[in-house]
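Asker: Quick mapping for you: the protein sequence lines, in order, are chains A and B.
My numbering applies: residue 1 is where the first sequence begins, and numbers increase by one.
My numbering applies: residue 1 is where the second sequence begins, and numbers increase by one.
Treat the hints with care, as some may be off.
Same chains, same label: a pair holds when it works inside one copy or across any pair of copies.
Unchecked claim - Below, in silico cross-link-like pairs of lysine to aspartate or glutamate (DMTMM-like), each with a Cα-Cα straight-line distance of 25 Å or less:
#1 K563 / D39
#2 K218 / D456
#3 K215 / E491
#4 K379 / E359
#5 K96 / E223
#6 K531 / E548
#7 K379 / D329
#8 K561 / D39
#9 K569 / E527
#10 K460 / D39
#11 K549 / D106
#12 K10 / D456
#13 K549 / E111
#14 K134 / E373
#15 K561 / D36
#16 K549 / D39
#17 K195 / E543
Hint data in this document are derived by calculation from the structure and do not stem from the laboratory.
There are 2 protein chains.
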Amino acid sequence: MIIRINMRTKLVKQEKLPDKYQLLGGRGLTSRMLLDEIDPTCAPLGANNKLVIAPGLLGGTAAPCSGRLSVGAKSPLTGGIKESNGGGTAGGKLAKIGVKAIVIEDQPIEENFCILIVSSAGVRILPAVGLEGKGNYETANILQKKYGAAVSVISIGPAGERGYSLASVAITDMEGHPSRHCGRGGMGAVMGSKKIKAIVVDNNEAPAILYQNEKLFKEISKEWAQNVIPLKKGLTEYGTANLVNLVNSLGALPTRNYSYGSFTDAEQISGEYMKQRIEERGGKPSHACHPGCVIRCSNIYNDSKGNYLTSGLEYETIALLGSNCGISDLDFIAQLDNFCDDFGIDTMELGITLGVIMESGWAPFGDIDKMVELIGELKKDTLLGKLMGQGAVITGKVLGVQRVAAVKGQGISGYDPRGLQATGVTYATTPMGGDHTAGNCLPGRTGYRPETKDKDFLSKPEGMVELAKDMQVMTAVYDICGLCFFLGPSEDDMLRIAKLINAKSGVNLTAQDVIGFAKQLIKDEVEFNEKAGLSQSSNGLPEFFSSEKLGPYNYLFNISKEKMIQFYKKDC
Amino acid sequence: MIIRINMRTKLVKQEKLPDKYQLLGGRGLTSRMLLDEIDPTCAPLGANNKLVIAPGLLGGTAAPCSGRLSVGAKSPLTGGIKESNGGGTAGGKLAKIGVKAIVIEDQPIEENFCILIVSSAGVRILPAVGLEGKGNYETANILQKKYGAAVSVISIGPAGERGYSLASVAITDMEGHPSRHCGRGGMGAVMGSKKIKAIVVDNNEAPAILYQNEKLFKEISKEWAQNVIPLKKGLTEYGTANLVNLVNSLGALPTRNYSYGSFTDAEQISGEYMKQRIEERGGKPSHACHPGCVIRCSNIYNDSKGNYLTSGLEYETIALLGSNCGISDLDFIAQLDNFCDDFGIDTMELGITLGVIMESGWAPFGDIDKMVELIGELKKDTLLGKLMGQGAVITGKVLGVQRVAAVKGQGISGYDPRGLQATGVTYATTPMGGDHTAGNCLPGRTGYRPETKDKDFLSKPEGMVELAKDMQVMTAVYDICGLCFFLGPSEDDMLRIAKLINAKSGVNLTAQDVIGFAKQLIKDEVEFNEKAGLSQSSNGLPEFFSSEKLGPYNYLFNISKEKMIQFYKKDC
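Required output: the full structure, derived from the provided sequences and hints.
Answerer: In structure tokens:
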């Protein structure tokens, strides 16, 4: 069913899922519903935007890593369509309750925040008494005490309440920590504009997921899991931070606001170093972010006293709040990660924004005291805090910084496109803005094309456009299903996914069919953006990536703008 | 000739005007050269943008009001193509020297500013010794002392040096005051990014303008002037401020950040009141902003001691720094105008930005002390000053204000589109961003269509799309020629203009031909914007104009977004 909630009238409707949406889920459903239902030119934080929350097509099932939850809306950061997905426990629970999507419409006139309680019994809208201004950790804690430790909480921190464009939506993990974030594109600000502080998901008494062929579904799932586990050893052992040394060696690790591609102190922020530290302090170097995850690339990072500090300290956070700000103190980066999770902030956008502020001369790179001051400005909602809250592009404009690594208003990620050209193409072309999660092309993760294992391959322009397109399409398949992208990507997966959908729903899809769904999804997103005024001509990277050589290997991004503009012109 | 100056290499080239540009001038030339020469996706303040300065096709001639100077570049405010034109003496002088355009390319690596000396002898590039950080008044004064009182000065103030997106380009008037501004779109910031503080134009020893048929040219000019003068009595007598009472009576005077359409104290900021005050203090209620102006809508406004305070106190300045900020003290508005001229700021963008800041709760509307404080922030380049320097849209985003009257990143003007629907269509559709100067549709100035004299006519949606298109096209004709729009608009003018071009250049144009030039110009600008990523889908007004009724007449802007998007889709 679709749950439709009007936040002005407080009317809740449960609608049968229309036939046309039957084989959609996750990003497939959020983007399609936004295209179908909202005016693409609407004000992102106004009454006419909608927030759509959807588990994947395989959400709640026994498929490995299938619990991701998509949150979509028109983005206050990019002005275009946005979907951001995260792990945690809410996606699976919503699927089990039978919720295909929660559509949040309009906005209240009054200023007070609400919470939503979603369960098999329906939806309740209650005042968010005592929660306003609270961080995600305290919010989750209060709600778990009230509604039971087993509930999932989807929430926003002060950043989302204030409408910061870098505000995330938090989802509680298996320990109840609000550590999983739909980080990108300011989805937290849209949730805040609807005056929703939190959504409690209670799947107590929910019926079991129905399969047309449960046995077959579980067989395929098991084979897949067994196949994946040995392939992902690096992720399991070191988390995504296993990329620090790799990307540093490629000369593509954002360093001091993307002015260099290698960080002298990379070793101190590497996955290997982090693992050792986590183990010494009794944390968990390998941790599943949601039930059914077989890769367990998350972690629990304790402080020096052995107390919980943060969870899911990831590569992008380390690269952008670390090397990109000249910071090599992993404990400090973990503290920042905890702050971001609690305050409800995208660590990537913050890291790029801080790098821009440092470049403006406000603070030297690597100055921890000054970074603490800057975080204080955010907390206190000072003018500088408000400015930071609008992300890197606006901060750069106001402070007069020209080198701002962003596309369509959104900061890119922890991969300098000069060293990783295909990821650069994804930044430049995805309807999601400068977002690696739409199709990241790394040596270890483009295994379906053996030649990409050659490290140098990805620093050369040849074949990158095609690679980026393939990766964006395959990524969209995982996103539709609520599957973690780290399962693949592989062409074998496309077939597995088709078979799983068939076994669950009694349809008869081929691998090509699911790829077709993904292509249609991207086409829908491109159409939305075109209608929003964000045409394909807005594809492209900032000029400096093509004019400033990136040391130490002196790479330039050398794929023509014309190719970026033409990228999605004809088809996907 | 075209003078091409590379600010990195300091190379100056004089090029023969290519045949294809022979019948272009002013905005026609700036926009066409930008489309031909720059990458529309370039960074506005980067090396790849160009600043093009061009007198009109009839610049320097005996045609009435023909001395306007166009300044064009990709705009840091809108991200699209921009042309802004102003009066003063430089346009005519450049034309007399034989300069069709000055094209300023690239940017220096060093930080120091330069000045350019343009004369019949050529171009010199000199260090701007002692001028950096100076206001336009002092800058002009120093340069006039050095190069002679008769030179014209085109300059930027501190705002342009700092790269503020609301920075204007100043042009000295007939008294040598830098009071005429190419205000819109941040052209001053682009000039600043090229590290040019001022351009001195010295037409000493310049040859006389050549006419193919001088006698005929002068006859047509004389007839035109004689025809215009009686039609424009209101402008001559009260300046553009004659609109205050009119627009107030239409219920379309922006008041307290566009929350109301009528201002209780309108009388105190009216043209009638201003005229009386100017006369009492020995100023000039009617003043020509450039040689050959027969309308003389400018003025010289003295302070209470009878000393010069500002010149060209105009309607838009009064509406946006006055009623839109809740201010009814005309002396204070005149002081602000002087500050803006000196600091090099667009009064309109500043007025809208201040209205947004007031709405955020920073200061009550009408609080002069607080406004003085805000101006102090700008002067001191504090963080709030820098934010204001980026204009209303970014200020609104950072301060969380939803009601921001802007289109394509640029604040609109002193005409609420709910009461003046056709002007609203122009804001929504012109490639220039929210800019009334691209085609303002007022009762007194749409005389070529008698029905528009009916005041109510312009508050209704019928016929507004067609009216706005006609006005945008006709306005472009005046802009190409360097003519003041206040001459018309009329269909008769199109014929007069064709005849004048014929008499000057020995061609054989019809009225339809010059209209064709204007249509092609707008088409070029739309093409530039499309390539810059600013598609026709970005046409449209902010949502609140269609959802919040404007008192006292409860007007809504009720022309569909679809019509705005389709406006220039097929042809001009």
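Asker: Now tell me if each hint is right for this structure.
Answerer: Results of checking the hints against the structure:
1. In this homomeric assembly, K563 and D39 come within 25 Å of each other (Cα to Cα) only across copies, at 14 Å, whereas the closest approach inside a single copy is 29 Å.
2. In this assembly of identical chains, K218 and D456 lie within 25 Å of each other by CA distance neither inside one copy nor across copies; the values are 40 Å within and 71 Å between.
3. Taking CA atoms no more than 25 Å apart as the test, K215 paired with E491 passes inside one copy only; the shortest distance there is 23 Å, against 80 Å between copies.
4. In this assembly of identical chains, K379 and E359 lie within 25 Å of each other by CA distance both inside one copy and across copies; the values are 22 Å within and 23 Å between.
5. When the C-alpha separation of K96 and E223 is checked against a cutoff of 25 Å, the pair qualifies only within one copy, where the shortest distance is 23 Å, while the shortest distance between copies is 83 Å.
6. Taking the closest pair of Cα atoms, K531 and E548 come within 25 Å of each other only across two copies (24 Å); inside a single copy the shortest separation is 34 Å, beyond that limit.
7. Taking the shortest alpha-carbon separations for K379 and D329, only the intra-copy value of 22 Å comes in at or below 25 Å, while the best inter-copy value is 39 Å.
8. Within a single copy, K561 and D39 get their C-alpha atoms only as close as 29 Å, which misses the 25 Å cut-off; across copies the closest is 10 Å, which meets it.
9. For the identical chains of this complex, K569 and E527 are neighbours both inside a copy (10 Å) and across copies (17 Å), given an alpha-carbon limit of 25 Å.
10. Taking CA atoms no more than 25 Å apart as the test, K460 paired with D39 passes between copies only; the shortest distance there is 24 Å, against 40 Å inside one copy.
11. Taking identical chains as interchangeable, the C-alpha atoms of K549 and D106 lie at most 25 Å apart only when they sit on different chains, with a minimum of 19 Å there against 47 Å within one chain.
12. When the C-alpha separation of K10 and D456 is checked against a cutoff of 25 Å, the pair qualifies neither within a copy, at 56 Å, nor between copies, at 40 Å.
13. In this assembly of identical chains, the alpha carbons of K549 and E111 lie at most 25 Å apart only when taken from different copies (22 Å versus 49 Å within one copy).
14. In this assembly of identical chains, K134 and E373 lie within 25 Å of each other by CA distance solely inside one copy; the values are 20 Å within and 34 Å between copies.
15. Taking CA atoms no more than 25 Å apart as the test, K561 paired with D36 passes between copies only; the shortest distance there is 17 Å, against 30 Å inside one copy.
16. In this homomeric assembly, K549 and D39 come within 25 Å of each other (Cα to Cα) only across copies, at 20 Å, whereas the closest approach inside a single copy is 41 Å.
17. For the identical chains of this complex, K195 and E543 are inter-copy neighbours only, at 20 Å across copies versus 39 Å inside a copy, given an alpha-carbon limit of 25 Å.
Of the numbered hints stated above, those contradicted by the structure are hints 2 and 12, listed in ascending order.
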